[in-house]
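Protein chains in written order, with the working numbering: chain A, 1 to 114; chain B, 1 to 134.
Since the hints were derived computationally from the structure, they do not count as laboratory data.
Incorrect hints may appear among the rest.
Claimed, not checked - Quick list of the computed label-pair ranges, beta carbon to beta carbon:
{"hint": "1", "chain 1": "A", "residue 1": "33", "chain 2": "B", "residue 2": "5", "range": "20 to 28 Å"}
{"hint": "2", "chain 1": "B", "residue 1": "84", "chain 2": "A", "residue 2": "76", "range": "24 to 32 Å"}
{"hint": "3", "chain 1": "A", "residue 1": "32", "chain 2": "B", "residue 2": "74", "range": "47 to 55 Å"}
{"hint": "4", "chain 1": "B", "residue 1": "4", "chain 2": "A", "residue 2": "21", "range": "31 to 39 Å"}
{"hint": "5", "chain 1": "A", "residue 1": "21", "chain 2": "B", "residue 2": "119", "range": "17 to 25 Å"}
{"hint": "6", "chain 1": "B", "residue 1": "83", "chain 2": "A", "residue 2": "79", "range": "49 to 57 Å"}
{"hint": "7", "chain 1": "A", "residue 1": "32", "chain 2": "B", "residue 2": "64", "range": "15 to 23 Å"}
{"hint": "8", "chain 1": "B", "residue 1": "22", "chain 2": "A", "residue 2": "76", "range": "40 to 48 Å"}
{"hint": "9", "chain 1": "A", "residue 1": "70", "chain 2": "B", "residue 2": "5", "range": "20 to 28 Å"}
{"hint": "10", "chain 1": "A", "residue 1": "7", "chain 2": "B", "residue 2": "44", "range": "12 to 20 Å"}
{"hint": "11", "chain 1": "A", "residue 1": "78", "chain 2": "B", "residue 2": "80", "range": "32 to 40 Å"}
{"hint": "12", "chain 1": "B", "residue 1": "4", "chain 2": "A", "residue 2": "22", "range": "31 to 39 Å"}
{"hint": "13", "chain 1": "B", "residue 1": "64", "chain 2": "A", "residue 2": "64", "range": "19 to 27 Å"}
{"hint": "14", "chain 1": "A", "residue 1": "78", "chain 2": "B", "residue 2": "6", "range": "26 to 34 Å"}
In this text, a Cβ means the ideal position worked out from N, Cα and C, and glycines have one as well.
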Amino acid sequence: MTGVLLTLPGLMAQLLSGAALLAGVLTLAATRKPALALSVFLDLLTAAGLLRLVGDPSWQAIATAAVIVGLRHLIALGLRIGARNWTTSTQAPGRHGSRPGVVIDRLLRPAWRR
Amino acid sequence: MEELLQDVVNVLVSIVEACGAAVIIIGAVWAFARFVWVGLRRRDTSAFVPVRLTLGRFLALGLEFQLASDVLRTAVAPSFRELGQLAAVAAIRTVLNYFLGKEIAEERRQVAEEAEGARAGSGSTSAHGPRDPA
């Protein structure tokens, strides 16, 4: 039973890592929203990281799981800050809406450079 | 006597960890299938949120099982090295459980706000809707 408990979660963790990548790419293709696709990817990657901790994990597995958890929150925080800045900068003038030309112009010449 | 206790605890730890792993695997496989389904059929951002919430609940439940097995393991942990590893794993699981709970609450709040906004929008539409000509 212990042998199965050691091998099956490891195998499933590898499969889940592949599934996470697949689901992330599919989400990106379907919604064209990188933040959402990254969230989906990291959600399933977290599940894979948890499965690696089942049984008697090595220090490397523990460190990997800790790095994934930390990285996930760091990326989520960065995306939230970026989305907030982007929303306020594109909504502030409100005259031109969000036409691609206006968005590109705002990217190249932000308000603080004018 | 001590060896018997150790054997019993090891069996219990294996069972509880297997339950936790099963919960995580079932939740992740289900969520993957739903992600694929939602991505191919609906292509709607809001459709992904319930799937992520359910996956978060599965992961939190699996973590509860794994933390229970950590507690059981403290009954027999002979060396300091094993105790250190146990502490690290328990710390990771506890931190993850805490953040998962926060994420679930946050996403649930967002879903409720969106639903309330949609309801208010439909309510104002019906309030300004077709009136009696008389």
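Tested hints:
1. A C-beta distance of roughly 53 Å is found between residue 33/A and residue 5/B, which places it outside the suggested range of 20 to 28 Å.
2. At roughly 29 Å, the beta carbons of residue 84/B and residue 76/A sit within the given window of 24 to 32 Å.
3. Distance hint check for residue 32/A and residue 74/B: the Cβ-Cβ separation is about 48 Å, which falls inside the suggested range of 47 to 55 Å.
4. Checking the proposed 31 to 39 Å range against residue 4/B and residue 21/A shows it is violated: the Cβ atoms sit about 46 Å from each other.
5. Against the hinted window of 17 to 25 Å, the Cβ-Cβ separation of residue 21/A and residue 119/B comes to about 38 Å, which falls outside the hint.
6. Between residue 83/B and residue 79/A the CB atoms are about 37 Å apart, so this pair departs from the stated range of 49 to 57 Å.
7. Hint check: residue 32/A to residue 64/B, Cβ distance near 36 Å, so the stated range 15 to 23 Å is violated.
8. Take residue 22/B and residue 76/A: their Cβ atoms lie about 27 Å apart, and the range 40 to 48 Å is violated.
9. The supplied range of 20 to 28 Å is broken by residue 70/A and residue 5/B, whose beta-carbon atoms lie about 37 Å from each other.
10. Range check, residue 7/A to residue 44/B: Cβ separation about 39 Å, and the 12 to 20 Å hint is violated.
11. Checking the proposed 32 to 40 Å range against residue 78/A and residue 80/B shows it holds: the Cβ atoms sit about 38 Å from each other.
12. Taking 31 to 39 Å as the suggested C-beta distance range, the pair residue 4/B and residue 22/A does not conform, at roughly 47 Å.
13. Distance hint for residue 64/B and residue 64/A: a CB-CB separation of about 22 Å, consistent with the stated range 19 to 27 Å.
14. At about 46 Å, the CB distance of residue 78/A to residue 6/B disagrees with the hint of 26 to 34 Å.
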